[in-house]
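Visitor: Sequence:
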Amino acid sequence: MTDASATAPRRPGEPALTALGLSAPALDPADASPHTFPGGGRWRTEVPSCEGPEALAVVLKEASRLDVPIHRISQGSGVWMLTDAEITEMVDATAERDIELCLFTGPRGTWDIGGSTRTDSGGAGLRARGHDAVAGCVEDAVRATELGVKCLLVADEGVLWTLHRARTAGLLPADTTLKLSALVGPVNPASFAVYERLGADSINVPSDLTLAHLTEIRRVSATPMDMYIEAPDDLGGYVRMYEVAELIRRGAPLYLKFGLAKAPGIYPYGHHMRELTLATAKERVRRGRLALDLLARHGADGDMAPLGSRLPGTQSRFEISS
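To convert, count from 1 in the sequence shown and add 422; that's the numbering used here.
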């Protein structure tokens with residue numbers, strides 16, 4: 423843990439506004455998160471929506487060109503949309519660079535035959551409908567981990583608990599990490615703590631949470647938090663680049679996710695969407711460079727977790743009954 427009263431970086435526009443008598447109120451040290459990633463560092467990076475080996479190659483090439491450090495690369499279409507050869511290629515390419523690869527598990531309500539998700543209320547959302555959908559998620563998890571994938575993306579609390587139990591029972595590798603999707607992210611500290619106890623090692627919160635909401639969550643849990651710095655349009659299209667330093671101060675340990683607004687959805691991906699997918703993959707890396715440049719200009723680019731680090735630390739879990 424670090425001291426919650428750690429010195430804040432320069433805030434955007436601060437010198438000019440102070441000279442004009444328009445300075446902002448002083449930051450409250452009590453709002454700062456006291457938590458870090460195991461092994462040190464308060465933030466990591468993630469490039470999402472990397473839909474297959476070709477998109478991955480684009481991301482890796484652009485990250486090298488723009489000098490964008492990457493801790494995690496995630497995919498959104500699902501394990502079932504990739505062949506064994508494609509998964510193996512992605513595993514090998516990310517392992518070579520010590521980057522965590524995270525693949526989405528199984529069927530989701532929005533792609534199911536049920537009509538409730540297409541109503542104005544959204545119905546049951548991304549959850550896995552029925553036993554067979556849960557079974558599909560478990561099948562994906564077993565297949566992916568057997569091929570070397572170490573991080574699984576989950577959008578259903580029952581699937582999360584089931585995969586956590588499978589991990590505990592040795593049916594999945596013990597070092598498998600479970601990441602909660604942005605599509606079901608919790609919006610209060612009580613629900614954040616529940617997902618932690620169900621087995622989540624990394625929890626994506628919606629990008630419209632306020633800074634105060636992040637502080638509230640950090641008062642009950644140290645589980646790594648993921649947040650889109652720029653959210654896709656179907657998640658709100660929020661762009662919070664100028665807040666990155668304060669998001670880290672409040673939300674650490676935090677994954678900075680470099681999403682992309684004003685871009686069509688690409689799930690589930692197929693080669694008919696190749697050009698769009700490769701172009702948006704490249705631009706996500708550029709968005710990451712822009713966010714990192716902002717951090718550097720404000721003197722807030724320190725405390726990045728070491729590259730290659732992926733484990734979440736110790737979490738509180740519900741007891742698994744025999």
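No lab work stands behind these hints, which were simulated from the structure alone.
Some hints here could point you the wrong way.
[Unchecked claim] Straight-line C-alpha distance at most 16 Å; calculated EDC-like pairs for lysine to aspartate or glutamate: (1) Lys-572 with Asp-520; (2) Lys-704 with Asp-520; (3) Lys-572 with Asp-656; (4) Lys-704 with Glu-476; (5) Lys-572 with Glu-484; (6) Lys-483 with Asp-453; (7) Lys-572 with Asp-489; (8) Lys-684 with Glu-705; (9) Lys-572 with Glu-561; (10) Lys-572 with Asp-597; (11) Lys-483 with Asp-520; (12) Lys-684 with Asp-656; (13) Lys-704 with Asp-514; (14) Lys-684 with Asp-655; (15) Lys-483 with Asp-656.
[Stated by the list, open to error] Ranges between beta-carbon positions, derived for each pair: (16) Val-609 with Glu-436: 22 to 32 Å; (17) Pro-690 with Pro-451: 22 to 32 Å; (18) Ala-446 with Ala-718: 12 to 22 Å; (19) Asp-554 with Ala-718: 44 to 54 Å; (20) Asp-506 with Glu-705: 44 to 54 Å; (21) Gly-724 with Ala-507: 35 to 45 Å; (22) Asp-554 with Pro-690: 10 to 20 Å; (23) Tyr-664 with Glu-508: 30 to 40 Å; (24) Ala-441 with Ser-486: 35 to 45 Å; (25) Gly-570 with Gly-536: 47 to 57 Å; (26) Ser-538 with Ala-634: 42 to 52 Å.
What you are looking at is a predicted structure, and each value in this text was computed from that prediction instead of being measured.
For glycine and all other residues, C-beta sits at the position ideal for the given N, C-alpha and C.
Visitor: Which of the numbered hints above does this structure break?
Guide: Of the numbered hints, 2, 3, 5, 6, 7, 13, 15, 17, 20, 25, 26 do not hold.
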